[in-house]
Amino acid sequence: MNIQRIVIPIMLALVAALAFGAVVQRRPHPYASDEPITEPQIFAEGVISTADFDDYLAFTPDGKTVYFTKHRPSFSSGTIVISHFKNGKWTIPEVAPFSGQYGDEQPCLSPDGNRLFFSSNRPVNGATPRRDADIWFVKKTAKGWSEPVHLDAPVNTDAYDWHPSVTSDGTLYFVSARQAEKRANNIYRSRLVDGKYSSVEMLSDAVNSDRHDMHPWISADEKILLFVSEGRPDGFGNDDLYVSYNRNGAWSPAKNLGPKINTQFYEYSAKISPDGKYLFYCHGFGDINLPDRRVSYQELLGIFNSAHNGFANIYQIDLAAAGVER
Amino acid sequence: MMKPILFLCCIFGVLMLVGAQTQNNQAQLFALSTGYDEGSVAFSPDGQTAYFRKGIAWTNLSFIVLSKLSNGRWTEPEMAPFSGRYRDSEPFFAPDGQRLFFSSSRVSTDRTARSNFDIWVVEKRSSGWSEPVNLGSPVNTAAQETSPSVTADGALYFDSTRPGGRGGLDIYFAKMIDGKYTGPENLGDAINSTAFDANACFDTHGERLFFASNREGGAGSWDLYVSMRRNGRWEVARNLGGAVNTRAEERWPALSPDGRYLFFTSNRRIDDSAVAKQRLTYSQLVNKLRSAGNDSSDIYRIELSALKLDQP
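Here the protein sequences come in this chain order: A and B. So the first sequence is residues 1 to 326, counted in my numbering. So the second sequence is residues 327 to 638, counted in my numbering.
Among these hints, one or two may not hold up.
What the hints assert, rightly or not - Okay, the calculated beta carbon distance ranges per label pair:
| no. | chain 1 | residue 1 | chain 2 | residue 2 | range |
| --- | --- | --- | --- | --- | --- |
| 1 | B | Asn-442 | A | Arg-326 | 44 to 50 Å |
| 2 | A | Pro-233 | B | Leu-355 | 42 to 48 Å |
| 3 | B | Gly-543 | A | Lys-86 | 54 to 60 Å |
| 4 | A | Pro-36 | B | Lys-450 | 32 to 38 Å |
| 5 | B | Ser-396 | A | Pro-291 | 38 to 44 Å |
| 6 | A | Asp-234 | B | Arg-555 | 24 to 30 Å |
| 7 | B | Asn-442 | A | Trp-145 | 51 to 57 Å |
| 8 | B | Pro-371 | A | Arg-183 | 55 to 61 Å |
| 9 | A | Gly-46 | B | Thr-401 | 36 to 42 Å |
| 10 | A | Pro-233 | B | Leu-395 | 25 to 31 Å |
| 11 | A | Ala-127 | B | Met-502 | 42 to 48 Å |
| 12 | B | Pro-371 | A | Ala-127 | 48 to 54 Å |
| 13 | B | Lys-450 | A | Ala-127 | 29 to 35 Å |
| 14 | A | Glu-181 | B | Asp-597 | 31 to 37 Å |
Stated by the list, open to error - Which residues of chain A face chain B? A few of them, derived with a C-beta cut under 8 Å, are:
| no. | residue |
| --- | --- |
| 15 | Lys-70 |
| 16 | Arg-72 |
| 17 | Thr-79 |
| 18 | Trp-90 |
| 19 | Thr-91 |
| 20 | Pro-93 |
| 21 | Arg-294 |
| 22 | Leu-300 |
| 23 | Gly-302 |
| 24 | Ser-306 |
| 25 | Asn-309 |
These are computed hints drawn from the structure, not numbers from a lab. Values in this document were obtained by computation on a predicted structure and should not be read as measured data. Ideal placement from N, C-alpha and C gives every residue a C-beta, glycine not left out.
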């Protein structure tokens, strides 16, 4: 046997595998775009961004599964649903195995994808839904997601505790209305120490204000904090998105993401995609696409039945175009 | 062989009667309600045409659409000829059917901005409705004027935030004398409160006044109230109670032309057990989110007799 007759095909196969790998590597995540996305672009219109009130998106680390929330028209009573990227498109969603009965929203995956946190009004004991929301999580098991686990005090209280986001070391960022009488909803942090969340601290006033400060998203390395604040003097109307950077343990003063992102309507729940290249966020509450002339009833129904009907949708933009430093 | 069938027929008949009985006593979803925002219905005097508001949540946007009764069914709505561009709502037929009043912010070209509502009117012509006319002073002011209601003597009742009220919205009336409206007067303490009081609706004799208020002491944010005119004065209004009012909003009372039904608008959830009996599938979820009862406003009706009101 000539050794070359074996080695050469193996080498060719290796080169082919590497080349193929490079192609896969170049575009690993299904939401990635070949073209730059320099203006906000509606995400997966018709499947994920629909005529319903669709918001609060969370990708799995491989970007191939997305969890998001569908609300009633009044923005209450969410349900968490899942879509998978298969055969080049996002599948018709299904209700998440742990959702579909109570009001669940704001799904958030741990950076390793092994835990999914969310907020819910589901009862901790008994059968009556809570009047407030608490933070829960499910764990990945061989058979799928575990039953939901309720986080103990001091994370959850009798006030609203919601909007979870978690770092690689398990540090939980969330929103609580526990001091609502003094301030409003504010952003808090709890460190995971020996597997427990045993204390809670409110973030500094570089981030928090006397208005509602909500929807924190913390990067896995705890360096970037995206959040929402309501009606600040430097805002563009209603809820706007802000960014703050962790500079050696201190938060930089919150910076408005600017008019490319923020509008007179509501922008909220921003996240950086798992590949670190895109900003995903929600926009809506009144932004309807009507022509400036008389419309017929059929035209009106067509608009009402589209994603451009004034409810919320999920948007995508290049991180650089969104003015977030990486 | 006949006997069991007869027996079953009797049982069925009794059930039907019982069913009809409970139906009569409960508010029913009216046919024209969908997953979008419907409300504020007004019927032509012959009962054959319904005008109502259609919009969508969060946009501050609504149009007046109409539907016709055809072979016992309400037709697919169409845009009212005078609507479809600006924010229009709260249609109301004059008792003779010759004029249709409505509220609109159409002085403004920005259809989504919160702008000033006035009361407008269209008149019936042989060719259809006239162009809308703003009622002008003294009815319309720089404050909000909404929810017109007209009695047989031509008096106009409406809501306004004008200065001098009890608080929020109050109900006012302007008499029609020599073809002109007199200076509007506040309907007074029997009806108006420091909260929002709105959407006046009278029975055919003008002796009974239905309206909506978000005053304290109700079942929820907005409830329907009724007051009777006794010796020329409105008695203190009372809450219409649990047959109509829920913890959701009930507003825009309207009577059917034959006086049999009270129509109203509510954003109540049809499946309001707060907890579904079992987990929903995605198609069940989407169906619930897009159907009447999803918590966008819908139109309901109830037999007036079920309310057991005092006789005028």
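Need the list of violated hint numbers for this structure, in ascending order.
4, 5, 6, 9, 10, 11, 13, 18, 19, 23 and 24
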